[in-house]
Each structure stands twice: as structure tokens, then as C-alpha cells.
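Take these sequences, add in the hints, and give me the full structure.
Heads up: the sequence lines are chains P, B and W, in that order. Here the first sequence stands for residues 0 to 131, numbered as in numbering that gives the first Met the number 0. Here the second sequence stands for residues 0 to 388, numbered as in numbering that gives the first Met the number 0. Here the third sequence stands for residues 0 to 351, numbered as in numbering that gives the first Met the number 0.
Simulated restraints, written as ranges between beta carbons of each label pair:
1) W:G26 with P:D115: 28 to 36 Å
2) W:G202 with B:M130: 55 to 63 Å
3) P:S67 with B:L191: 31 to 39 Å
Hint data in this document are derived by calculation from the structure and do not stem from the laboratory. The structure displayed is predicted, hence computed values, not measured ones. We treat Cβ as the ideally placed atom computed from N, Cα and C, and that holds for glycine.
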Amino acid sequence: MAVARFWRENASRYNLIGTKCGVCGRVYFPPRSVCPTCHRKSIGKMEPFKLKGEGEVLTYSIVHEAPSQLEMQKPYVIAIVQMDEGVRITGQIIDVELDELKVGMKVRTTLRKVSDDGAAGVIHYGYKFMPV
Amino acid sequence: MREVAIIGVGDTKFGELWDMSLRDLGIQAGLSAVYDANLSGDEIDALYLGNMSAGKFTEQEHIGALISDYSGLARDHIPATRVEAAGASGGLAFRQGVMAVASGMHDIVVVGGAEKMTDVGDTLSTEIQAMAADQQWETSFGATFPALHAMIARRHMHEYGTTREQIASVAVKNHKHGSLNPKAQFQKEIKLESVLRSLPVAEPLGMFDCAPVSDGGAAVVLCPLEKARKYTDTPVKVLASAQASDTLSLANRESLCRFDATTVAAQRAFKMAGLEPKDVQLAEVHDSYTISEILAIEDLGFFPKGKGGQATADGETTLGSKLAVNTSGGLKARGDPIGATGVAQVVELVRQLRGEADKRQVSGAEVGLAQNVGGTGATVVVQILGRVN
Amino acid sequence: MDVGIVSYGAYIPRYRIVPQEIGKVWGTDGEAMSRNLYILSKSVPGPDEDVITIAVEAARGTLRRCGVDPKRIGAIYVGSESHPYAVKPTSTIVAEAIEASPNMTAADFEFACKAGTAAIQCCLGLVGSGMIEYGMAIGADTSQGAPGDALEYSASAGGAAYLIGSKNLIAKIENTVSYTTDTPDFWRREGQDYPSHGGRFTGEPAYFKHITSAAKRLLETMGTKPSDYDYAVFHQPNGKFPMRVAKQLGFTDQQIEAGLLTPFIGNTYSGAVPLGLASVLDVAKPGQRIFAVAYGSGAGSDAFDISITDGIEELDRSAAPSIRELVERKKFIDYATYAKYKNKIKLKEAIE
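Take a look at the structure:
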């Protein structure tokens with residue numbers, strides 16, 4: 000039963016809420032409670048920070064051997080995206096033609112079904128990227 | 000700290016071992032190492048066991064006690080500890096054993112590693128391996144384990160001009176080495192063309208770029224160097240055992256083309272051993288994917304960053320060259336029973352340093368290095384072993 | 000108090016299938032079916048899309064265009080006949096995804112193809128009464144047509160969102176009236192995968208009777224005639240019905256052209272009139288007037304008299320894709336892919 004495990008991350012999964020260190024100003028996603036640069040000084044000073052959702056593809060792969068959750072979508076595209084705020088996020092690129100994929104392409108986030116707990120289970124929604 | 004020696008090694012064949020259970024694998028490897036070390040059994044002070052996911056693969060946890068029990072050690076009540084760091088579980092278990100002996104806490108320590116992977120189907124097996132990555136922020140968003148490595152490969156190609164053929168040449172070389180290892184899962188050479196044309200798994204990587212699903216076990220016996228001659232004429236000395244960690248998610252790294260944990264663990268290990276990369280004649284590195292070996296030989300300091308692909312394609316890591324990489328066949332050809340892998344690397348180094356590697360013997364092997372990786376480089380263990388003359 | 004539309008947004012999945020491709024599988028003349036229904040292609044949701052993802056994309060576009068703080072939204076209503084959950088609201092997920100929650104109310108509506116306009120009416124009432132400052136009304140569907148059924152040629156996916164308020168209006172809703180009866184022309188029983196329908200009974204006694212009755216009531220109440228409007232949008236289960244009902248009421252082809260989307264994307268059910276209206280708002284100018292009538296089987300019609308204000312020039316329409324862009328963003332798929340995406344293929348049980 001993964002209901003609560005996904006539910007408690009909804010703010011980040013739906014709206015890209017990360018954290019910003021109140022000491023050095025660095026932005027992190029997913030949220031962190033300690034800044035890896037400022038360590039102790041940052042404790043209690045990590046503020047929620049919403050990413051705009053736009054970025055650029057650093058690298059990607061076209062996945063042919065899919066986990067059971069993504070069987071219906073294969074081959075699908077997974078990428079690491081450098082967000083405009085500097086952090087990097089791993090996620091699917093959807094609504095893209097495979098021959099249009101390239102390192103450096105601009106993408107933005109949208110909300111899609113990411114997985115579910117079976118036909119009778121809860122549906123987990125989250126961010127995916129689409130070409131701008 | 001005391002100096003530590005390896006006085007016995009043992010392993011099972013790696014592969015799809017349908018008639019062997021997890022406990023069979025652990026016991027067969029352990030008993031052969033104990034036999035090799037000329038121990039009777041009651042000298043054993045402690046057991047460390049590397050295993051990634053017995054619970055997921057076989058629905059059995061608590062396997063430290065299990066293996067100790069079926070090795071006949073239950074009545075001796077020795078401390079038996081399972082160690083987990085995904086793919087680095089075996090290497091990490093070895094390091095725990097080394098620390099236990101070095102500290103003076105224990106004298107005779109058995110370090111084992113085992114994984115029984117084929118008791119689940121392929122899809123589930125792939126999903127379990129992906130649990131080494133960040134489940135909540137990578138895997139659950141569709142990043143499979145091969146896909147994460149494929150993204151490293153694409154970025155390496157993008158930044159350094161590494162070619163698909165150079166990446167594929169890792170598999171060709173390791174299959175060639177594997178053909179000389181009677182315990183390897185694949186003992187057959189393959190052509191570059193076959194790698195390039197294999198079924199795509201996660202582009203640009205295909206099926207022949209990926210280490211197989213394997214069952215297997217490996218074990219070594221450690222003791223203080225000063226007591227080693229009591230058990231064997233050919234002890235091998237542990238010159239260094241170092242470990243480093245990094246962000247769990249690949250995305251959070253400064254560079255997608257390096258495993259900084261490898262670089263740091265290697266620096267620590269070389270410093271500990273008082274050696275440099277050029278002093279090493281053979282290395283067992285963690286080629287769970289072809290691209291992983293290219294990263295490894297660069298990050299360990301054997302080749303400059305971006306040159307690992309070319310070096311491999313040029314045969315600079317093939318048996319017979321100055322540095323032989325993955326003489327066992329590596330994870331690619333010998334097989335990759337996850338928790339056993341890090342220990343199996345040590346077993347191969349010991350056989351080479353003892354001069355017992357038969358057709359794949361590296362001549363004049365004095366110093367060997369093993370690099371064992373967990374996840375996409377979030378845990379790396381580097382061991383350096385030396386021949387005792 | 001003036002109440003009306005503050006902003007709007009829309010979303011249409013990019014996959015399309017043509018009637019010829021469907022007809023080929025079922026031994027029907029797809030070409031003739033296409034002519035008969037005046038449907039050239041219909042939209043198909045991707046395997047990771049549903050009413051919730053469509054509603055969120057439309058709602059986010061709505062907010063990007065106007066910059067209203069989502070925390071000021073007091074109610075979110077999502078109308079659909081294909082909510083992903085039978086129990087568990089679509090609207091709460093939309094509320095969370097646009098950061099409007101938690102100090103607000105939300106509910107899901109169902110009234111066949113007019114659940115979206117029913118949501119608009121509720122928001123108008125709540126805003127007009129001063130109970131809330133802004134209300135978000137969404138109509139969206141990923142409707143199902145049984146394999147081989149006539150509905151399979153039309154049932155498609157898409158949706159639009161409307162931010163209803165009383166300040167900074169881009170369009171004032173002058174009036175809305177409804178016409179409702181118990182007419183079983185189309186239904187889906189609990190637990191059934193596909194809807195059933197009364198065939199030709201869905202025409203005259205259902206669609207035509209309700210739309211013309213609501214329309215005539217509105218014209219009478221407002222003291223207007225069809226020529227007083229620049230645009231008209233009618234529910235469009237196919238391309239033919241809205242053209243015929245327009246003619247019956249005295250509207251011209253020119254008046255309905257901007258809001259007629261079904262020929263290109265199929266019947267988006269609860270999304271149909273909201274999308275048609277959005278298509279008109281994409282091109283409307285201050286001072287222009289729109290006549291819109293939705294129809295939901297079961298049955299009822301909601302009619303709206305809408306005047307474009309000067310505010311439409313202030314709205315950043317380019318902050319979200321126009322209907323034309325969404326219609327043009329398309330990838331054609333074959334029936335096998337369509338069947339896979341729409342979950343029509345029986346799969347093996349997972350064995351691990």
C-alpha cells in the first residue's frame with residue numbers, strides 16, 4: 000500500500016516544490032532539510048521554493064525494457080533536465096517525436112499519470128516534461 | 000592497525016543456477032573458501048555477508064544468521080552480519096571484514112557475498128535492481144537502472160565524443176576474458192557487430208551492453224598478515240580498502256560523466272597503499288554496463304577523462320597489455336549476482352596474484368585493484384591487494 | 000454586480016484517429032461515416048492522460064493568462080462523465096495541482112455532456128451571491144465509445160477551464176437559463192465500461208428539443224434575436240447536429256464557425272461547449288456578443304448570453320496555447336495503438 004508514500008510528496012510531485020537555502024541561496028529539488036554546502040548553518044533556514052518548471056535536456060534515453068507501470072508507453076523517453084533555477088530533475092519527456100530528441104532541447108513540466116496501484120488502486124500523478 | 004591478509008578464496012559458478020537456493024550459494028562459496036584456507040571451521044571468529052535484496056528476490060531476510068547456521072556455525076554463536084549497499088554490498092562486506100581484523104577485534108573472518116536473482120521474473124528482477132537508485136525521485140518517474148546508465152553514456156558521448164563502438168568494445172573484451180574463465184556465466188566471445196545490433200534496452204545501450212541476471216556466491220577468508228603463513232603458503236596482502244559515497248540520485252551530481260565516489264575512494268586507497276595507478280597490473284571494475292567500465296578506468300586514474308572509450312577500443316585494457324581490466328570477464332561475462340560481485344572481484348585478484356589464473360593469468364601480477372559500485376555511483380568501494388613475496 | 004469570465008484555458012491531447020481507420024476494423028465504410036457525422040478526426044488521450052491531467056493543464060493555462068492568486072479561488076467544480084475515480088474527486092487533485100487548496104470548496108459534477116456548463120452556472124451563483132471571490136469551472140472528458148459502436152467514431156478527449164469572478168472580466172455573462180427534462184437518450188449504468196444510447200432517439204426528442212427550448216427561452220428573456228450575436232456555440236456531438244440546430248434557430252454558418260471543433264477533434268463531451276467557447280474567446284474583440292448552448296443527455300440544456308469586455312485586451316492570451324494551436328498539435332495513430340491507449344486490449348495478469 001503505497002498511498003501515503005506518494006501522497007506526502009504531492010506538493011513536490013505536482014508543483015515542483017523544492018527548497019532554497021536561506022544562507023547561501025542555493026536551490027534544491029527534491030526538498031532537503033540541510034544544505035550540503037552550508038551544513039549546520041542552514042538548519043531551520045531551508046525554505047520551500049517553487050521551480051518554474053522550465054529547463055533544458057542534459058541527457059536522455061529511449062527506454063525499451065519498461066517496468067510494468069510503463070509497459071503501455073514503451074518505448075518511452077526518460078531524461079535528466081537542467082532546470083532554469085540550476086537544479087536537475089529526472090523525468091519522462093512525453094508528446095515528443097523520437098527523432099526530434101536532442102541534448103539541449105527546451106522542455107517544460109506538465110502533470111500526468113505516473114503510476115497506479117493496479118486497476119482498483121490509487122493513481123499517482125506527477126510531473127513529466129514536454130517540448131516547449 | 001594490523002596488516003590483513005587473504006588466506007582463502009572460493010566461489011560458485013555464476014549463471015542461472017536453477018537447482019541452487021540462496022543458502023546453497025552462500026554455503027558452497029563459503030565452504031570452498033574455508034577449505035582453501037585450510038581451516039577446520041571452529042577458528043572462525045566472524046562472518047560478514049554482502050547481499051542486496053534477499054527479501055525481494057527470495058522473500059528471506061536475516062540471512063547473516065541463515066548462512067552462519069547452514070555453514071554449521073550456529074553452535075559457535077559467531078557474530079554474523081549482513082551488509083547492504085546495493086551493487087557494492089560485497090565490496091563493502093569485504094571492507095567490514097578487513098576493518099574487523101585490522102582493528103584486532105577478530106582474527107579469522109569469513110567474508111561472503113551471494114545473490115539469488117532468478118527466483119523472480121525478468122521484469123521484477125529489473126525493478127529490484129532499480130531500487131539501488133532513488134526510488135522516490137528517479138525510479139518511480141520511469142528511470143530504469145539501464146536507462147540511468149544509458150543517460151550517462153549519451154552524456155559521455157556528447158561531452159567527449161566517445162563513440163557507440165568504443166562503448167561496445169568493453170563487452171567484446173570482457174566476453175573474450177570470460178571465455179577463459181571456467182566459472183563465468185558466458186564463456187563465449189562475441190563480435191562488436193553483435194553488441195551494436197543487440198535488442199535495445201535503453202538507448203543507446205542494448206542487451207549486450209548490460210550485465211546479465213545471475214545467481215552466484217563468492218567468499219574469502221581474512222586473517223592478520225602475521226598469522227597468514229600458518230594457513231597458506233600464498234597469502235595475499237590487503238594494501239588498502241577505501242570507500243566513498245555520493246548523492247543517491249544521478250541527477251544531483253555536478254557531472255553526469257564521472258563517479259566522484261570512485262575518484263575519492265581510489266585516492267584514499269592509493270594513499271593508504273602508498274601506490275599510484277601506474278603500479279597496478281590488473282583491475283576488476285564494476286562493468287554492470289559497458290559505459291560503467293569506461294567511467295571506472297577514467298575515474299580510477301588509469302586513463303584521462305574522456306579517453307577511456309578509445310583506450311578500450313585500442314586494446315589497452317585487454318589481457319596482455321600493461322593493465323588488464325576485468326580478466327574474470329567482469330560483471331558483463333562472468334555474471335553479476337549483485338551481492339556476490341564485490342567479493343568475486345577480490346577472489347579473481349587473489350587467484351591472479353597467486354598465479355593461479357590459468358589461461359587468463361596476468362604475467363608478473365604484483366598489485367591488483369577492485370572497484371565495486373552501488374547504484375549509479377552513490378557508494379563505491381576500492382580495494383588494492385598485493386602479492387606477498 | 001457583473002459576473003463573468005476572468006480567464007480561460009484549454010487542453011486537447013495530441014493523438015488523433017480518423018474514421019476510416021476505425022471503419023476498416025469493423026467492416027464499416029469509414030469514409031461515409033466521416034461524411035455522415037462530419038468528423039474528420041477525433042482526439043485520443045495518451046496512456047498517461049485522463050480527465051485529471053486534462054483539467055489540470057487547462058486550469059494552469061487559465062491562471063498563467065491572468066495571474067490571479069490561486070488562493071483566492073473559493074470553489075473548484077469539474078464536470079465530466081469520465082472522472083478517473085468513481086469515488087474520490089477529480090476536483091481536489093486539480094485544487095492541489097494549482098495550489099488553490101485548502102481553504103475552498105470542491106466537487107465533481109456529472110451531467111453527460113453539460114457537466115462543465117453546470118459547473119460554470121454554480122460558480123456564477125457563488126460569485127454573484129458574494130460567497131466566493133473566484134470560482135474555477137472545468138468541463139473535461141476522455142469519453143468512451145464501445146468498440147464497433149457508432150460512438151467510437153466521435154467520443155474523444157479534451158477540456159477547458161473557466162475562472163469566474165466579478166472583477167477584471169474579459170467577458171460578462173449577461174444571463175444563463177436552462178431547460179431540463181427526464182429524457183433517457185444516453186446513459187451508462189454503474190460498473191459498465193461503455194455508455195449505451197437510444198440511437199435516433201438521441202436526435203429530435205433529446206438534442207434538438209432541449210437546445211432549441213433553452214435557446215428560445217434565453218432569446219425571449221433577453222429580448223434578443225440571433226443576428227444580435229457575433230458568435231454562437233452549440234453542443235456538438237458530431238459536426239452535423241450543431242449546424243442543423245443553428246439553422247433551426249436562425250443562426251448562420253458564419254456565426255458558429257469559430258466555435259465548431261468537433262469535425263477536427265471529435266466530441267469532447269463535457270469539454271465540447273467549454274472548448275468551443277474558448278475557441279471563440281481566442282479571437283473575440285471587445286463589444287462582441289456570444290450565444291452558447293450546451294446539451295447533456297438525460298437531459299438538459301444550459302444557455303448563455305455573453306458579452307466581451309475591454310478586459311479581454313488585457314488578458315495575456317499568449318501565456319497558454321490557443322485552441323487553434325491545440326487542434327494543430329496532432330499525431331495520427333492507427334486503431335491498434337488507439338485500442339492500446341484506450342485500454343481496450345485484454346492484457347495478461349502480472350506474474351512476478
